[in-house]
Structures are given as structure tokens and as C-alpha cells.
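Undergrad: Can you build the whole structure from these sequences, using the hints too?
For the sequence shown, my numbering gives the first residue as 9, with consecutive numbering after it.
Ranges of calculated distance between the beta carbons of each label pair, as one might list FRET restraints:
no.: 1; residue 1: Phe28; residue 2: Gly193; range: 27 to 37 Å
no.: 2; residue 1: Met154; residue 2: His95; range: 21 to 31 Å
no.: 3; residue 1: Phe28; residue 2: Gln187; range: 23 to 33 Å
These are computed hints drawn from the structure, not numbers from a lab. The beta-carbon is built from N, C-alpha and C at its ideal position, and this holds for glycine as well.
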Amino acid sequence: MKSCLIVIDAQESFRHRPYFTPRDLSAYASAQNALIEGCRAAGVPMVRIFHVDGPARADNPFAIESGHVRPLAELTPFEAAATYTKHRHSALVGTGLDVWLTQNGIGRLIVSGIRTEQCCETTARHASDLGWAVDFVTDATLTFDMTQPDGRPLPADDIKARTATVLEGRFATLCTVEQALERAGVLATA
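TA: Take a look at the structure:
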């Protein structure tokens with residue numbers, strides 16, 4: 009089955025949000041870069057997704073006008089087979105990505121990027137419902153602490169664990185970087 013790496017919203021915009029913290033950035037970038045480098049070496053297509061929304065003003069980090077809708081500085085540069093700008097949580101809504109995947113014979117998506125529980129999880133669920141196999145590489149996703157509706161903190165690690173729990177076996181196969189590369193035919197299995 010032909011695979012494609014989807015790099016979702018790995019963009020500088022997040023660095024300019026009040027919830028941003030660099031705490032998990034290095035580990036995320038290391039995993040994301042390993043996926044990029046492995047896929048590039050094996051000729052696995054890679055698709056880049058950018059999120060754009062809100063007012064079209066320079067002070068909105070998710071507006072093109074801000075200059076922040078560009079790859080995260082920590083990422084290894086790569087030539088994307090396709091690049092899409094989305095305005096919704098799923099990378100499959102209103103972008104044409106679904107058409108590109110079908111035209112290119114892609115059967116499995118390797119989901120990675122920012123934020124774990126938002127655009128990455130939503131894209132994984134949507135892709136599964138549309139019939140694609142989904143490999144969700146939790147280590148190659150990044151999120152940030154949140155505050156629950158009752159005011160209690162919700163740490164990023166708990167958010168990632170919750171996403172893994174609800175996706176595994178229902179919407180996706182949870183994979184390490186190495187497992188995702190093996191399943192894509194990049195690494196030989198032992």
C-alpha cells in the first residue's frame with residue numbers, strides 16, 4: 009500500500025500564541041525530522057499543510073499577512089509533493105488533498121504535525137472515515153497544555169495520551185517513527 013507523509017500545521021504561527029512553550033519542541037522536531045528524512049530517502053511523497061484563519065492582519069499569527077505561516081524553524085527543509093492551505097481542522101476539508109491522494113494512489117497516511125488533539129486527530133478521524141489507512145505517529149505530533157472548562161490544568165502529555173487512546177484501533181494505528189517508516193516500506197523489518 010502506497011504511503012504519504014502528511015505534515016500538518018508545523019508552522020511558526022504557534023510560536024506567537026500565548027499558550028506556546030518550547031518544552032516539548034525539541035523532541036517533536038527530532039521525531040518529525042526523522043520521518044521527513046526517512047520518507048525523503050525512500051521517495052515516499054510528503055504533503056505540507058498550513059493553517060490559515062482569522063482576520064487577514066499582520067497581528068494575527070495565522071494570517072498570511074503575519075509572515076508566520078511558514079515552516080517551523082526547527083524542521084528539516086523538504087520539497088513537498090503538494091502544499092495545501094486549510095481553514096478548518098481537517099486537512100481534508102476544502103483543500104483538494106483528498107483528490108490529490110486519490111490521483112496519486114495513496115492508501116495510507118502517516119499523520120504528523122501540530123496540534124495532536126486538534127488538526128492531527130481531526131484529520132486522522134476524517135481520513136479513516138473516508139477509507140484511508142492511517143498511521144498516527146504520536147511522537148511526531150506536538151501540543152500544549154490547556155485549561156479544562158472547570159479551570160483545572162490539562163497537561164500536554166495527558167492530551168496526547170487521550171488522543172492515542174481514542175484513535176488506536178478505531179481510526180488509526182499508533183506508530184513510533186520507526187514503525188511508521190517500516191509500514192511505509194522505508195525500513196526493512198528485522
